[in-house]
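Chemist: Start from chain A and add chains B and C according to the hints.
Take a look at the letters that make up each chain.
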Amino acid sequence: MTPADAELLPAGIAGLVGLSLAVAVLATAWTRQAHRIGLLGALAVTAWVLGLSALFLNAGPDSETAATRVALGGWDAPLGLMLQLDGLSMTLLVLTAVVGLATSLYSLGYVHDRIERRQFWPLWLWLWAGLNMLLLSGDAFNLYITLEVVSLSAVALVALTGTAAAVSGAMRYLLVNILGSLSFLMGVVLLFGEHGVLDLVLLEARTEAGPAERMAAVLMTAGLMLKAALFPLHVWLAPAHGSAPAPVSAVLSGLVVTGSFYLILRLWMGVFAPLATPTFGILVGLLGVGALVWGSLQALRAGRLKSIVAYSTVAQFGYLLVAFPLMLVDPDAWRVVVFFAVVHALAKASVFLAAGTLQHAAGHDRLADLGDVLRGRPRTVFALGLAGVSLMGLPFTGGFIAKYLLLEAGLGTVLAGSVFGVLWVLAIAGGGLLAAAYVLRMVAPSFQRGRADAGEASSPWMDWVPLGLATVAALAGLAGTLTLNTLALTPGAP
Amino acid sequence: MSGLAETVVHALTPGLLYPTGGATLFALGLYGLIRRHHLVLRILALNIMGSGVFMVLLGVAARGEGPPDPVAQALTLTGIVVAVSATAFALGLVVHLTRLTGHAVMLPGPPDDDAAMADTSRGEHHADGGPDAPPSDEDPPS
Amino acid sequence: MNGLLVLFDLVLLAGIVGVAWRCLASTDLFRAAVLFVTFGLLLALAWVRLEAPDIALAEAAIGAGITGALLLVTLERLRSIMAERRSGRPHTPPPDPTGPHALLRALHDPPPERRTFIPALTFALVVGALLVTTLWHQPPSMGLEPVVDAHMDASGVDHPVTAVLLNFRAYDTFLELAIVLIALLGAWSLGRHDLIPARPAPGPILPGTLRLLVPVAIVTGVYVLWAGSHAPGGAFQAGAILGAAGILLVLARPRQLPMAPGVPLRLGITAGVAVFLLVGLYGLAAGHGFLGYDRAWAYPLIILIEVAATLSIALTLVALFVAGRPAGDDA
Chain A
1 MTPADAELLP
11 AGIAGLVGLS
21 LAVAVLATAW
31 TRQAHRIGLL
41 GALAVTAWVL
51 GLSALFLNAG
61 PDSETAATRV
71 ALGGWDAPLG
81 LMLQLDGLSM
91 TLLVLTAVVG
101 LATSLYSLGY
111 VHDRIERRQF
121 WPLWLWLWAG
131 LNMLLLSGDA
141 FNLYITLEVV
151 SLSAVALVAL
161 TGTAAAVSGA
171 MRYLLVNILG
181 SLSFLMGVVL
191 LFGEHGVLDL
201 VLLEARTEAG
211 PAERMAAVLM
221 TAGLMLKAAL
231 FPLHVWLAPA
241 HGSAPAPVSA
251 VLSGLVVTGS
261 FYLILRLWMG
271 VFAPLATPTF
281 GILVGLLGVG
291 ALVWGSLQAL
301 RAGRLKSIVA
311 YSTVAQFGYL
321 LVAFPLMLVD
331 PDAWRVVVFF
341 AVVHALAKAS
351 VFLAAGTLQH
361 AAGHDRLADL
371 GDVLRGRPRT
381 VFALGLAGVS
391 LMGLPFTGGF
401 IAKYLLLEAG
411 LGTVLAGSVF
421 GVLWVLAIAG
431 GGLLAAAYVL
441 RMVAPSFQRG
451 RADAGEASSP
461 WMDWVPLGLA
471 TVAALAGLAG
481 TLTLNTLALT
491 PGAP
Chain B
495 MSGLAETVVH
505 ALTPGLLYPT
515 GGATLFALGL
525 YGLIRRHHLV
535 LRILALNIMG
545 SGVFMVLLGV
555 AARGEGPPDP
565 VAQALTLTGI
575 VVAVSATAFA
585 LGLVVHLTRL
595 TGHAVMLPGP
605 PDDDAAMADT
615 SRGEHHADGG
625 PDAPPSDEDP
635 PS
Chain C
637 MNGLLVLFDL
647 VLLAGIVGVA
657 WRCLASTDLF
667 RAAVLFVTFG
677 LLLALAWVRL
687 EAPDIALAEA
697 AIGAGITGAL
707 LLVTLERLRS
717 IMAERRSGRP
727 HTPPPDPTGP
737 HALLRALHDP
747 PPERRTFIPA
757 LTFALVVGAL
767 LVTTLWHQPP
777 SMGLEPVVDA
787 HMDASGVDHP
797 VTAVLLNFRA
807 YDTFLELAIV
817 LIALLGAWSL
827 GRHDLIPARP
837 APGPILPGTL
847 RLLVPVAIVT
857 GVYVLWAGSH
867 APGGAFQAGA
877 ILGAAGILLV
887 LARPRQLPMA
897 PGVPLRLGIT
907 AGVAVFLLVG
917 LYGLAAGHGF
927 LGYDRAWAYP
937 LIILIEVAAT
947 LSIALTLVAL
957 FVAGRPAGDD
967 A
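Quick note, the sequences are listed as chains A, B and C, same order.
So in this note's numbering, spot 196 of the first sequence is number 196, and the numbers just go up one at a time.
Plus 494 on top of the position in the second sequence (first one is 1) and you've got this note's numbering.
Plus 636 on top of the position in the third sequence (first one is 1) and you've got this note's numbering.
Honestly, the hints are just simulated from the structure, not real lab data.
Take the hints with a grain of salt, since some may be wrong.
[As the list claims (entries may be wrong)] Cβ-Cβ distance ranges computed for the label pairs, FRET-style:
1. 366/A with 722/C: 54 to 62 angstroms
2. 331/A with 867/C: 31 to 39 angstroms
3. 834/C with 460/A: 54 to 62 angstroms
4. 844/C with 112/A: 49 to 57 angstroms
5. 54/A with 898/C: 57 to 65 angstroms
6. 963/C with 54/A: 32 to 40 angstroms
7. 722/C with 273/A: 55 to 63 angstroms
8. 444/A with 747/C: 43 to 51 angstroms
9. 112/A with 661/C: 42 to 50 angstroms
10. 54/A with 834/C: 56 to 64 angstroms
11. 859/C with 7/A: 40 to 48 angstroms
12. 33/A with 773/C: 50 to 58 angstroms
[To be verified] Which residues of chain B face chain A? A few of them, derived with a C-beta cut under 7 angstroms, are:
13. 551
14. 587
15. 594
[Unchecked claim] Partner residues aside, some chain C positions facing chain A, computed with beta carbon under 8 angstroms:
16. 720
17. 766
18. 770
19. 780
20. 783
21. 817
22. 819
23. 821
24. 827
25. 829
26. 903
27. 910
28. 919
29. 924
30. 925
Glycine residues also receive a C-beta, built at the ideal position from the N, C-alpha and C atoms.
Next comes chain A alone, as it looks inside the complex (with noise of 0.2 angstroms):
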């Protein structure tokens, strides 16, 4: 790493944080304008991203030099706050960058009632920079604060419509993000009541297995389970995705629960490391194993698009779970975990994105009645079953290669002697099949004999944006490799 790289690197962290905080003020500030600064800042905050990822993957060859660490207003921890940069939150901020600058597009069309636009702008770009700055966070009440950031702008974009439906599920949403909001600040205050630091980075050298460490674990845990609707705290979830705008649907899906998702690994690959026992590895793995049924059950008998959409999120999701006890017997496992989790926000965006067309273009989203408009949006409907493509693991997909990995880890554990090994990967496995079914559902009447009707007719982001942004999920796989490697520059990983 060159001299000049060692300080641009830091800069340009906290260039990053600027720069998403600047664009939001200014859309609040500016509502009149707020869809074009969205669009600009849109672009900004991708294009800086990526130089950033440029910056980082030239840093080093390892983590030790890669990994960098800001010092926020000059003050080291533990009296101030730090940011932190490496492989694990550089992917994720990759991602959120791609799903953000797709949806801002997206919602150039979507979003067209002027007042409507003026509420949503500001929220969303106030959304996106919560996710930023909670991706870079270093410091363990830091991460309460960014979570709020991101939890009030979403429950906020969930209820834009104004409807009945909206309402009530934003308003569930709400009270479920609270619940899990202080859960996750009691376990902070715990650890500092203990370790007296909130540095993350301080904590992890001095957390060990004791009362206190176990007592935030859960109850930090279950506060961001609770905000990743992961199995069985779910219950949100399909409410509050059936009538959010499609938009906010593929962010709350793709970018929301993904960020809690890497909270907690995040957690316990540092502070919470030494709690992270086989026993406990099986009971999490069990959990997943019940999300992929469950979930899938609901997604094959739910009546509209968005439903099974919003269940197979769930269902997915206990992929990542039923991956928790293979992280733990193979330590490199935990990066194609995290690669699964990148195609699946991915392939889940875009599948929301173009239920957002067909539901507009049909004035509905009942999967009986969706047909006629099934048939005449080809596009869309590509679209759709690309990214489906992807979630079911077909060969060739991202999604394929993310599950393989998963398989051969399981299988690992199966030669290794595990019981348990059999029930992970006869999951993995049959998950891939019930994804198929329910894949399937969704697009099956495009197959059918019947009218074709192209409906309502809609902007060229919602018809190109979802098919975009579907192909980059189905050819993630060919960045597999560089996404593995990046995450390896992550320090103190397994």
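Modeler: Just chains B and C now, kept in the frame of chain A:
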């Protein structure tokens, strides 16, 4: 005072009593959140849970002989402001929910989400109230 | 002496928990709201006992005062809305309200059903017991007080809590201001203020009292803001006091918002985050790091940020009380 009484009194420092009180408030708020159905009471229950967390934090900060921990106090102040913001937003949601559905009760469990809903993308800003909520779960208890 | 303090603590805690319990157990929502305000005031006493006067100020102003006002006005609006729906025509508030009880007595919540009693109680008791036992076994923490103390000279202010809030951990405070703003954006996105039932016009007592009260509130707020640099106080407490004055003004003139709609209001509510962000970016450009200050300039910059923050917080709290976006905003 007798030896035993003195030991007890010395043990019951603010650093012990107030975290216990805070934990009690947290549990009490949690109980209220589960049991009561009116949204305003649920919001109050969450506020009480939050106050419990702050009491634990300040109690922990007041342990020991020296001056109290200013970082803990700064964190609590931040937490109070966040709590009032969330409460204000939540109360606004309750008012609009009541305006749209006629009641302010949220029963536990998932609502029926397969009912037909209006398309959300056509930009109709429902300034005068949207369609009523789906039946069954949302009806208030008699 | 020690025994008396322990007794005081025990009585206070019993009172706090007792009031909280009665609040959550109320069937009458008005009673629950009043009990919650009482709870907030008792908490302020507890914070004083825990040597946290800044927090006591904030709890009394924000936790009890502002939240109490929000609760009572929400209950009133709920009752108006339900009355409108029942009678099918717009609810006209009585011209001369006989008192809060007449307006709010109609809001009840029936007691909860029996079958959730055992599971909820067990769950809450388990969580509480686990927390208590964890807390009893913690070592006395070293805390961060010595670290803060060591850096107070470089902070630009004399009060440790203000130093932490606006210098050492300024990022958290900035995000806190952002959260207040986001809450307002959320409330505004739900609808215009004319969707919410109007309040009755007040009798003569309120405007008359305000003529005396508002100047006192302004002076107190400004003093608390300035005092924050060397004594308990600061932007949030000052913002809450000024916000409370603003709320009283709104109550006195329900048909006329005391603040200008449109651009000045937008600028006012974003002033806090905007100034904070500009100072932060300037710090980044000048080499002190994002949100870093040059030692000589720390005090003036902190005061500047606090003034902008106080203005924003006051305006935002009043706007949250009004709860709908102004009509001029949609143009």
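Chemist: Need the list of violated hint numbers for this structure, in ascending order.
Modeler: Violated: hints 1, 2, 3, 5, 6, 16, 25.
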